[in-house]
Amino acid sequence: MKTREIADFLSAELVGEGTIEIERVAALSSASAGAIAFIEKADAAAGTNASCLIVPLDFADDVSLPYLRTKDPKLAFALVAAILHPPKDRPAQIHDSAVVSESAILGNEVFIGAFTCVGDNATVGDATHLRAGAKIGDNVKIGSNCVLHPNVFVEDGCTIGDNVILHSGVVIGADGFGYVRDRERHIKFPQIGTVVIEDNVEIGANSCVDRGALGETRIGEGTKIDNLVQIAHNVQIGKRVVIAAQTGISGSTVLEDDCVIGGQVGIGDHARVQSDAIIGSQAGVLPGKIVRPGIWWGTPVQPLDEYKRQNAMVKGLSRLRDEVKELRTKLVELQDHKSEE
Amino acid sequence: MKTREIADFLSAELVGEGTIEIERVAALSSASAGAIAFIEKADAAAGTNASCLIVPLDFADDVSLPYLRTKDPKLAFALVAAILHPPKDRPAQIHDSAVVSESAILGNEVFIGAFTCVGDNATVGDATHLRAGAKIGDNVKIGSNCVLHPNVFVEDGCTIGDNVILHSGVVIGADGFGYVRDRERHIKFPQIGTVVIEDNVEIGANSCVDRGALGETRIGEGTKIDNLVQIAHNVQIGKRVVIAAQTGISGSTVLEDDCVIGGQVGIGDHARVQSDAIIGSQAGVLPGKIVRPGIWWGTPVQPLDEYKRQNAMVKGLSRLRDEVKELRTKLVELQDHKSEE
Amino acid sequence: MKTREIADFLSAELVGEGTIEIERVAALSSASAGAIAFIEKADAAAGTNASCLIVPLDFADDVSLPYLRTKDPKLAFALVAAILHPPKDRPAQIHDSAVVSESAILGNEVFIGAFTCVGDNATVGDATHLRAGAKIGDNVKIGSNCVLHPNVFVEDGCTIGDNVILHSGVVIGADGFGYVRDRERHIKFPQIGTVVIEDNVEIGANSCVDRGALGETRIGEGTKIDNLVQIAHNVQIGKRVVIAAQTGISGSTVLEDDCVIGGQVGIGDHARVQSDAIIGSQAGVLPGKIVRPGIWWGTPVQPLDEYKRQNAMVKGLSRLRDEVKELRTKLVELQDHKSEE
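Protein sequence lines correspond, in order, to chains C, A and X.
Per the numbering used here, the first sequence starts with residue 116, numbered consecutively.
Per the numbering used here, the second sequence starts with residue 116, numbered consecutively.
Per the numbering used here, the third sequence starts with residue 116, numbered consecutively.
Worth flagging that the hints you see were computed from the coordinates, not collected in a lab.
There's no promise every hint is true.
Which copy? The list can't say, so a pair holds if one copy fits it or any two copies do.
[What the hints assert, rightly or not] No more than 20 Å apart at the CA atoms, straight line, and that leaves these computed lysine to aspartate or glutamate pairs for EDC-like:
1. Lys404 - Glu371
2. Lys354 - Asp297
3. Lys189 - Asp384
4. Lys303 - Asp277
5. Lys189 - Asp297
6. Lys453 - Glu441
7. Lys430 - Asp420
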């Protein structure tokens, strides 16, 4: 891709040579000839060996290499990267070792890798990849252009949209965790619901999304989930939600569109996180709690400002205690003085 | 199953028609004809389309559908669900692709799925299912009526009882985490013990139970463990314990019978949680700590009441600080007054 | 191994019979004939059935069995255990079911188990074991004497050194978690870097090490990582670092040599933990924070002493509040007194 073509693709202003061939993206510091890099601030791009830069609109450095002015360089960089580094192209195949039910329906140009299983009446959409060891159960529906990485498992009856990426070891649709105590034993509450994962969702390695107990667990369109995340039964996650690693969402909780949840957050059951709420890492949300838009932190969660104020207050405790001691001393002096009178 | 049969099965009082055919359980709000639902409080069951309800003893609504009065509707519902929705029936098979040692002993009616491995001298009890990709090592003993979901791994020498469910990605018997520092390197402390999982245990997806260093790690009868839980070497878990997702139990810790541990709890090594203790989510138990019966929360754990009182106190800190400031002002006034005298 | 041979191997002083045959290691309390056990303190070894003991230099008990005096009995025990209980010897094989690319290069004496995959141009070093279901992608380099336990996955282009142990379910080189918001969607930031795992690293079951976004994620020589740990893209971990279970390290964070990180710790992105820092379980490190050598705990982390002092202060809050109340009462008395004058 030539620098001029990239400029056109990004609708960015090109300063410098338009015919340089760009083959890949790279970080500014480690870029070499043939690479395009980006900078987010208009500061010095000194010493890079990149062949082209994506820069902010107010970039004014005197550099010898061509650059592209754009409003959001990081976004532009990601868009260019998606073209220069497309997802791996796996030639269509159904591996000899794959165990595909006769009643399964496979789309065109699917990649069905070694040691995969496709259950009865399952559907796999066009150009979807089931990589080695991925297994999908009976009556599973998977859309087109998905990638199920090695050893992913999707249990019976779950539905996956288009352009979904499930990283290695993801488990979709295992039983939720629910029991009823009957004297000396725990009786399993039925876990006979399902999971629906909408289009453009990405779920990180070894994360788990349990099936609904009676209804469904749903992950909304464009939501991105990191590694080792736990999504319990009947959770409803909206669109474009972002959830960082090792977070756990308890049963029946609702995350509305565009929430951002940090890592290692725990959210109790039947809670609701409203649109645009941001919850900091390791925070804890109590069961049933409604978390309004804004930034939240701590366990139990508080608005970030309150949390910080409270933290500062706790840190100031030893001073407060000293003050109280001092007041006591003065008061005693006053009293003594008084009694001397 | 007819309504009358369900009433008899539950020993519940049937009010209304006894001949309605019930095919499945459902949530009250989404139930349709042929479904049985339950309500836990004696409040309005208005507008459900279920064909039958399980209700508490004091239910007094005027509904047109048949209902069953019982002391614990949720339990009754779970018991009915277990009959209407039995675990998936997989016809007995040993898949062509399975790699089963000649010295392994397989019970009757076992399901040995695709891409499974059964090691030397391993035993698989009657009617146990090893689903696709499940692997059990040498000298593993698995009881009857177990289900090992896809990609479960049970390492050499571990023992699993009857009616055990291991969800997808569970790892039983990997090495525990123990090293001895030798100047510039960590020497592995031997991890040559084993794991014993008693009857009726269920372990959630991608959870890990490490083998004992020298002795055994044990999970007691009827204990239920959620997804992504970490059980370290030599942990001893009693009977009917419940552990929610993402909790970690460190080495040699003991959880006595009937404990309930929330999600994302961390329990240090050599601790002991006594029978009937309940530990809230995200709590932290220090190494060696004895947690007595009762409800506990926070890091380090405190009795719930103390934790709440302390939390309230922290929240009241700004008021306390204001009070101290006010006292100071008044004291200064008094002093000034005094010196004017 | 005879007691005399063990003494020679450890350069330890043998007291007692040198010809006793020792077959295995065991815990002091459960040892039986043929076992060697160890004690760390010079206290009574009463009642053990071991055939030999490893004891500290100041051991002075009058026991009838032979013992070995050494400076660090636990280390000596681990060293002996490594000889008496060597890693499982799997005869070299390439299982019929393995899918090995023609361009892959396999070393001598490799064990390539059932249902494994080895990608194009991948290299597997001498005596390395890929156990059943382990999968390595294209251009992966794995050194010699490694064990990849069942269902491990190593993504394209990652590099693993010698003597590395990856426990069951480990995922190396999945995409990191990075997006750029573009109005109504999240665009994937390129995740095209790699992972380098140096020699003698051990990683616990179901842990994840993401590939670098543009550069590399690196785990240094001799580092040991427990189960269910999350290592994000571009993290740099030094040598001999120890990380306990369920800890998460966010993107681009650096852990210098010889750090020790407890379980369930969360470390924000772009942080740096300096050599010899020790971070207690469940602690939280803010993004960008530099953690100096010493012991740290809490969220956000503080030096352990400060954390304890602060905790004590919080616990003392109710007394402080009572004192303030008492001061107020006295002050009011004084004021009243004054106005009476």
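Query - Intra/inter-copy verdict for lysine 189 and aspartate 384 if alpha-carbon distance must be at most 20 Å - result: between (37 Å within a copy, 18 Å between copies)
Query raised in the report: Are the CA atoms of lysine 453 and glutamate 441 at most 20 Å apart within a copy, between copies, both, or neither?
Result: The answer is both: 18 Å in one copy and 18 Å across copies each meet 20 Å.
Report task. Give the relationship of lysine 354 and aspartate 297 under a CA distance limit of 20 Å: within one copy only, between copies only, both, or neither. Result -> between (39 Å within a copy, 14 Å between copies)
**Report entry** Homomeric proximity label, lysine 430 with aspartate 420: Cα distance no greater than 20 Å
**Finding:** both (15 Å within a copy, 13 Å between copies)
Query raised in the report: Taking 20 Å as the upper bound on the Cα-Cα distance, should lysine 404 and glutamate 371 be classified as within, between, both, or neither?
Result: Within. Shortest intra-copy distance 14 Å satisfies the 20 Å Cα cut-off; inter-copy 31 Å does not.
Query raised in the report: With identical chains treated as interchangeable, where does the CA-CA distance between lysine 303 and aspartate 277 reach 20 Å or less: within a copy, between copies, both, or neither?
Result: Between. Shortest inter-copy distance 16 Å satisfies the 20 Å Cα cut-off; intra-copy 33 Å does not.
Query raised in the report: At most 20 Å between C-alpha atoms: does lysine 189 with aspartate 297 qualify within a copy, between copies, both, or neither?
Result: Between copies only: 10 Å across, 56 Å inside.
The structure is consistent with each of the numbered hints, conforming to all of them.
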